[in-house]
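J.: The primary structure of each chain is shown beneath.
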Amino acid sequence: TAGITQAPTSQILAAGRSMTLRCTQDMRHNAMYWYRQDLGLGLRLIHYSNTAGTTGKGEVPDGYSVSRANTDDFPLTLASAVPSQTSVYFCASSEGLAGYNEQFFGPGTRLTVL
Amino acid sequence: DAKTTQPNSMESNEEEPVHLPCNHSTISGTDYIHWYRQLPSQGPEYVIHGLTSNVNNRMASLAIAEDRKSSTLILHRATLRDAAVYYCILRDVAGTASKLTFGTGTRLQVTL
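If you're matching them up, the sequences are chains A and B in order. Residues in the first sequence are numbered consecutively from 210, following my numbering. Residues in the second sequence are numbered consecutively from 65, following my numbering.
Each hint should be verified, as a subset may be incorrect.
[To be verified] In silico EDC-like links for lysine to aspartate or glutamate, alpha-carbon gap of 20 Å or less:
1. 266(A) - 156(B)
2. 67(B) - 311(A)
3. 67(B) - 131(B)
4. 67(B) - 130(B)
5. 266(A) - 247(A)
6. 67(B) - 156(B)
7. 67(B) - 268(A)
8. 133(B) - 156(B)
9. 266(A) - 282(A)
Please keep in mind that the hints were generated in silico from the structure rather than gathered at the bench.
Modelling step: build the complete structure from the supplied sequences, incorporating the hints.
T.: Here's what the structure looks like:
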């Protein structure tokens, strides 16, 4: 089972350009999440989705947008990238949002904005 | 979700037990205690979680204080593959996802 896949693995992006980070899960999980992890720090939640068709803001949502058209896919879009968005981005999923649900993480996308 | 406090780093010898502490003095009665670990250049992976009672699984044990204001992740025999950053986070049973924060965790070094 693939679990969660993310694409691309890494990307260098010019400031001001737009980009969509892709995330797909094959576990039929209801909840999905996007985190960013800056060098030497812990993960911070950007956006999440409780179920297909709904999304919510996390701790650091500014500059990012998400959509959840179906259960499997949860793309993250940077409309106009800035250097402060240089980070490693992790997508995750869980059966639900409940506190006992385990989260499964993808391998990450390393993004550099110049 | 309530805040947790962990030591920045710990060291262990291989084949020795490791006790990773976590303080969560503001924990609420409905918060689950989760532990994740992140190996170098990988995404976090789930280790264990609990609510009130101690928990065991194939990876580790979780010991929860009687007042739930602290917990300890126990690796019974550390191996070099256990070298990672270990995160202790609290999750409300209702799932307040907007407040999910992993913190900086404890970096575990395992030596021969």
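J.: Within a Cα-Cα threshold of 20 Å, do residue 67(B) and residue 268(A) meet the stated pairing?
T.: Roughly 14 Å separates the two Cα atoms, so the pair holds.
J.: Are the Cα positions of residue 67(B) and residue 156(B) separated by 20 Å at most?
T.: Roughly 12 Å between the alpha carbons, so the hint for residue 67(B) and residue 156(B) holds.
J.: What's the verdict on residue 266(A) and residue 156(B), does the C-alpha distance respect the 20 Å limit or exceed it?
T.: 17 Å, holds
J.: Just to be careful, I want the Cα atoms of residue 266(A) and residue 282(A) compared with a cutoff of 20 Å; is the pair within it?
T.: 17 Å, holds
J.: Has the given pair, residue 67(B) with residue 311(A), been kept, meaning a C-alpha gap of at most 20 Å?
T.: 19 Å, holds
J.: Regarding the pair residue 67(B) and residue 130(B), is the alpha-carbon distance no greater than 20 Å?
T.: Measuring from Cα to Cα gives roughly 18 Å; hence the hint holds.
J.: Below or equal to 20 Å on CA atoms is what counts here, so check residue 67(B) against residue 131(B).
T.: 16 Å, holds
J.: Check whether the Cα positions of residue 266(A) and residue 247(A) lie no farther apart than 20 Å.
T.: 19 Å, holds
J.: Is residue 133(B) close enough to residue 156(B), meaning Cα to Cα at most 20 Å?
T.: 15 Å, holds
In this structure, every one of the numbered hints holds.
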